[in-house]
Amino acid sequence: MAIIPLLIIIAIVVLPSILIMQGVNSSNKRIKSKRLIKTFLGCYLAILLLSIALYGLLPTKASQVVVVKEKEADQITDHLYTDIFNGKIQKVDPTFIKDKWTLDYKGEKLKIVQTEGFFEGTIVVERKLENDGEIEGTYYASTIVGGIDVTKEIEPVRVRLVGSKLELAGMPETVNLEYAISKKEFIVNQFTGESFVQSDSDAYRDFQVLYLRIPRNLDLIDEQDMPIHYVGH
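Numbering (our numbering), first residue to last: 10 to 242.
For the record, the hints were derived by calculation from the structure and aren't laboratory data. Incorrect hints may have been included.
[Claimed, not checked] Using 25 Å as the maximum straight-line C-alpha spacing, the simulated DSS-like pairs for lysine-lysine come out as follows: (1) LYS80 - LYS107; (2) LYS120 - LYS107; (3) LYS78 - LYS107; (4) LYS97 - LYS80; (5) LYS120 - LYS137; (6) LYS109 - LYS97; (7) LYS107 - LYS161; (8) LYS100 - LYS78; (9) LYS97 - LYS161; (10) LYS80 - LYS100; (11) LYS107 - LYS137; (12) LYS100 - LYS137; (13) LYS107 - LYS97; (14) LYS109 - LYS47; (15) LYS118 - LYS137.
Please construct the entire structure, taking both the sequences and the accompanying hints into account.
The following block contains the structure:
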């Protein structure tokens, strides 16, 4: 908050200057010196207490911003690719699951098409051992922009079964995100002992995978050259 730096300047620069000038003109310098110290410490303590009170008015929403370092972003993406593209979905952290659904489908052929929006992810397909007449879908995502995890702001791909077509509708091509981060002043950190970690990373990682488990004999047809990767059986 802008008022806190102003109070610090007053406490550290203006008040000591005034008090010292008064002390120089005093006939009893020793007594005045003690008074100066006490007055200065009292003012400084008052500023500290006021800063803590003002800090309580800062928006709590800022604490929800997740800052991710570049090395950590690489590790997250690598683990997701390794586990999902090898069909080891049981090892994937559930926090990366953004959508999950099951559709009944008894047909022998199924076209998969993108109808609208923007989906830059990969479709991973696993064939089941049985023909159970069900298509199971799981959408995994992790999006990091400028060192900030914005995954929760990105809408998952929408899936709809229309006749013998599985339609995918992605998000708009442009998504505007705005973040405001409130920083604690040094004067507050003296009490809390906390430090502010600001993201100076240019890390950009966008991981999107639609994982489909389909009946064993279902013929999946792709007429749009979509990125489809088969795993398992």
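- Do the alpha carbons of LYS78 and LYS107 lie within 25 Å of each other, as the hint requires? Cα-Cα ~22 Å, so holds.
- Message: For LYS107 and LYS161, compute the direct alpha-carbon distance and say whether it is at most 25 Å.
- Response: holds (8 Å)
- Message: Check the hint pairing LYS107 with LYS97 against an upper bound of 25 Å on the C-alpha distance.
- Response: Holds, at roughly 17 Å.
- Within 25 Å, alpha carbon to alpha carbon, are LYS120 and LYS107? holds (24 Å)
- Query: Is LYS120 close enough to LYS137, meaning Cα to Cα at most 25 Å?
  - Reply: Holds - the C-alpha atoms of LYS137 and LYS120 are around 18 Å apart, at most 25 Å.
- Message: Next pair to validate is LYS97 with LYS161; report whether the Cα-Cα distance is within 25 Å.
- Response: holds (24 Å)
- Query: Within a Cα-Cα threshold of 25 Å, do LYS80 and LYS100 meet the stated pairing?
  - Reply: Between LYS80 and LYS100 the Cα gap is close to 21 Å, so the pair holds against 25 Å.
- Message: Check the hint pairing LYS109 with LYS97 against an upper bound of 25 Å on the C-alpha distance.
- Response: Cα-Cα ~16 Å, so holds.
- Query: Between LYS100 and LYS137, is the straight-line Cα distance small enough, at 25 Å or below?
  - Reply: holds (18 Å)
- Task: Mind checking the alpha carbons of LYS80 and LYS107 for me, to see if they're no more than 25 Å apart?
- Result: Holds: LYS80 and LYS107 sit about 23 Å apart, inside 25 Å.
- Distance restraint between LYS118 and LYS137, which requires alpha-carbon spacing of 25 Å or less: OK: LYS118 and LYS137 at ~15 Å, within 25 Å.
- Message: Hint check: LYS100 vs LYS78, CA-CA at most 25 Å. Holds or violated?
- Response: holds (23 Å)
Violated hint for the displayed structure: number 14, the only one.
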